[in-house]
Amino acid sequence: MMVLHGWREVKRQVRESGAAGVAAVLMVAVATAWGGLLWSVHGWVYRELLGHSQSSTVVVVLRSPAAGTTLTAALQARPDGRRWTLSQPRQVQAELAGWFPELASVLLALDEPSFPALLKIDVTPSDSAGLASWLAARPEVAVVKSSTQWQERLDRTFRRAVAVGFVLAAALLGGCFVVVLLVVRLLVLDHADEIAIMRLIGARERDIRLPYVALGLALGATGSLLGVLALVGIELALKASFPALVLGTAMLTILPLGGAVAGAGGAALGLLAIPKEP
Amino acid sequence: MIRLEGVLKSYHGRLALRGISTRVERSEFVFLTGPSGAGKSTFLRLLYRAELPDDGRIVVDGYDLAALPRRQVPLFRRRLGVIFQDFKLLRRRTVGENISFVLSLLDLSEKEQQRRTYLTLKQMGLHNRMSALPDELSGGEQQRVAIARALVLQPDLILADEPSGNLDPERGHELMELLKSINYQGTTVVVATHDRSLIEAHPDRTLVLERGHLVRDAWGA
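One line per chain: the protein sequences are A and B, in this order.
Residues in the first sequence are numbered from 1 upward in steps of one, following the numbering used here.
Residues in the second sequence are numbered from 279 upward in steps of one, following the numbering used here.
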C-alpha cells in the first residue's frame with residue numbers, strides 16, 4: 001500500500017530536513033510551552049484575582065466616629081444588604097501599629113482623634129461603582145476608595161502583557177511556519193528530478209505531495225508535544241507554590257494541533273515550488 | 279495501439295517533429311531510428327505525455343493525449359512501461375523500493391507488492407540486490423532495474439529510449455531478446471535506437487526519422 005511507502009518517505013525527509021527541521025521543532029516547542037504557560041497564568045489571574053465572582057471592598061473614611069452610626073443605619077436601609085465592618089479610631093490605630101511594627105511606638109503615642117473611623121464594605125464588583133457614588137454624596141463621608149480601581153488597573157496592565165505574550169508565541173509559530181516552508185521548498189528543489197521520475201512512472205500528485213505535508217505535520221506536532229511535556233514539567237514544579245495554576249484539557253488538546261497546523265501549512269505553501277506538468 | 283496524425287512539435291521555435299503521421303498496431307514491435315537530433319526522444323516523450331504536441335493528434339491505447347485531463351495522466355502512464363536511456367531510478371530508494379513503489383500506486387497489499395517485486399527482480403537476476411541503492415549497482419544492473427520497473431505492471435505498451443545505450447553489445451542483444459520475448463506475449467514494444475546493428479540483428483518494422491520528418495517506414499534496417 002502507498003501508506004508504507006509514504007511513511008518511509010516521511011522518515012527519509014525528516015532525516016534530510018536536518019538542522020532546519022530541529023530548529024522548526026524547537027521553535028514550536030518554545031511557542032507551545034510559552035503560549036500554554038500564558039494561557040494558564042491568564043486563567044489563574046482571572047479566576048483568583050480579577051474574577052467577577054471575587055468581592056470588592058469599598059473603604060470609607062468618616063468625618064467623625066459618630067457618623068458611623070448614621071451611615072450604617074442608611075446602609076441597612078439599602079435593599080442589597082451588604083456586609084460591613086465599622087472600625088473606630090482606636091481600632092484603626094491598633095491595626096496600623098500592627099501593620100507597621102517599626103512605627104508602632106510612634107503610632108500608639110498619638111492621640112485617638114488623630115485617626116479616623118473607617119467603614120469597610122464588601123460588595124460585588126458590579127455594585128462597587130454605584131455604592132461608591134452613593135457614599136461620596138453622603139455628608140458623613142470624607143473619602144471613598146474602592147478596590148475595583150486597582151483591580152481595573154491590574155486588569156488593563158495584565159491584558160497588555162498577555163497580548164504581548166501571545167503575539168510573541170504567534171510570532172514563534174509563524175517562524176516555524178516559515179522554517180518548514182523553506183525546508184520543504186529546499187527539499188522539493190533537491191528532489192526535483194525524483195519528483196519528475198515519480199510522475200513519469202504514474203505517481204499521482206497526492207502520492208508526491210503527501211509525504212512533504214506529513215513532514216511539516218510531523219515537525220509541528222513533535223515540537224508541540226515537546227512543548228506540552230515542558231508545560232507539564234513547569235506545572236509540576238510550580239504546583240506547591242501555585243496550586244491553582246492548572247493545565248486544562250482543552251489547552252492540552254488545542255496546543256499540539258496549533259503546532260501541527262503551522263507545520264502542515266508551511267509545508268503546503270512550500271510545495272508551491274513543485275514544477276507543474278504540461 | 280498508437281496513432282499519430284500530423285504531429286508537430288517545436289522547442290523555442292525550432293521544429294523537432296514536422297507533421298508526423300503513423301500507426302502502430304497492438305502486439306507490434308517497432309524500431310524508431312535516425313541520427314542524433316532526428317526527434318526520436320521527442321517522439322517517445324510525446325507518447326508518454328511528458329510533452330504535448332503543438333499541433334496534430336496522438337492517441338495511445340485509446341487515450342487522446344492532447345485532450346487528456348491532467349489528473350488522468352498518472353492513470354494513463356501506469357498502463358505503459360517506459361525504459362529511459364538514463365534509467366531514471368529513484369536514487370534515494372533501494373532496488374526493491376524502486377519496483378514496489380510502482381506497485382504501491384495500485385494500492386496493492388504490502389505482501390503482494392513484495393511478492394511481485396521479488397519475482398520481477400528474480401526474472402532480471404537481481405533478487406539478491408533488492409536492498410542495494412541504485413548508485414551501488416553497475417550500469418547494466420541499473421538498466422535491468424529500470425526494465426524490471428517497466429515490466430512489473432505488465433503493461434500493454436513498452437516504450438524504450440536507447441535502452442542499450444549504456445550497455446556493452448552483448449548485454450544490448452540480451453536486452454533486445456528480452457523485449458522480443460515480451461512482445462511475443464502480446465505487448466506492443468517501441469524501441470528508439472540509433473544502433474543499426476541492433477536492428478540488423480533483430481529485424482522488425484522500422485520507422486526512420488530525419489530532422490523531424492518520418493522518412494521511411496519499412497521492415498529491417
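Incorrect hints may have been included.
[To be verified] Taking lysine-lysine and the DSSO-like style, the derived pairs with C-alpha atoms no more than 30 Å apart in a straight line are:
hint: 1; chain 1: B; residue 1: 400; chain 2: A; residue 2: 11
hint: 2; chain 1: B; residue 1: 400; chain 2: B; residue 2: 458
hint: 3; chain 1: A; residue 1: 276; chain 2: A; residue 2: 239
hint: 4; chain 1: B; residue 1: 389; chain 2: B; residue 2: 400
hint: 5; chain 1: B; residue 1: 458; chain 2: A; residue 2: 11
[Stated by the list, open to error] Which residues of chain A face chain B? A partial, calculated answer using Cβ under 10 Å:
hint: 6; residue: 9
hint: 7; residue: 16
hint: 8; residue: 19
hint: 9; residue: 193
hint: 10; residue: 198
hint: 11; residue: 200
hint: 12; residue: 232
hint: 13; residue: 235
hint: 14; residue: 276
Rather than coming from a laboratory, the hints here were simulated on the basis of the structure.
We put the CB at the ideal spot given by N, CA and C, even for glycine.
| message | Can you confirm whether the C-alpha distance between residue 400(B) and residue 458(B) stays at or below 30 Å? | response | holds, 19 Å
Exercise for review: Closer than 10 Å between Cβ atoms is the bar; does residue 200(A) clear it against chain B? Give me holds or violated.
Suggested key: It holds, given that the least Cβ distance between residue 200(A) and chain B is near 6 Å, below 10 Å.
Checklist entry - Is the shortest C-beta separation between residue 198(A) and chain B less than 10 Å? => result holds, 7 Å
**Asked** Are the Cα atoms of residue 400(B) and residue 11(A) separated by 30 Å or less?
**Response** Within the cut-off at roughly 28 Å; holds.
Any CB of chain B closer than 10 Å to the CB of residue 235(A)? With Cβ-Cβ at 42 Å, over 10 Å, it is violated.
* Taking the closest Cβ pair, is residue 232(A) under 10 Å from chain B? -> Violated, about 37 Å.
| field | Straight-line alpha-carbon gap residue 389(B) to residue 400(B), limit 30 Å | value | OK: residue 389(B) and residue 400(B) at ~16 Å, within 30 Å.
* Hold the hint about residue 9(A) up to the distance rule: shortest CB distance to chain B must be less than 10 Å. => Holds, because the Cβ-Cβ distance from residue 9(A) to chain B comes to roughly 9 Å (cut-off 10 Å).
Should the hint that residue 276(A) touches chain B count as held when the rule is a Cβ pair under 10 Å? holds, 9 Å
Next item on the list: For the pair supplied as a hint, residue 458(B) and residue 11(A), confirm whether the alpha-carbon distance does not exceed 30 Å.
Entry: The hint is violated at about 40 Å.
_A closest beta-carbon separation below 10 Å is what the hint needs, so does residue 16(A) meet it against chain B?_
holds, 8 Å
With a cut-off of 10 Å, does the beta carbon of residue 19(A) approach a beta carbon of chain B closely enough for the hint to hold?
-> Hint violated; residue 19(A) Cβ to chain B Cβ min 19 Å, cut 10 Å.
In summary, the structure is inconsistent with hints 3, 5, 8, 12 and 13 from the numbered list given earlier, while agreeing with the others.
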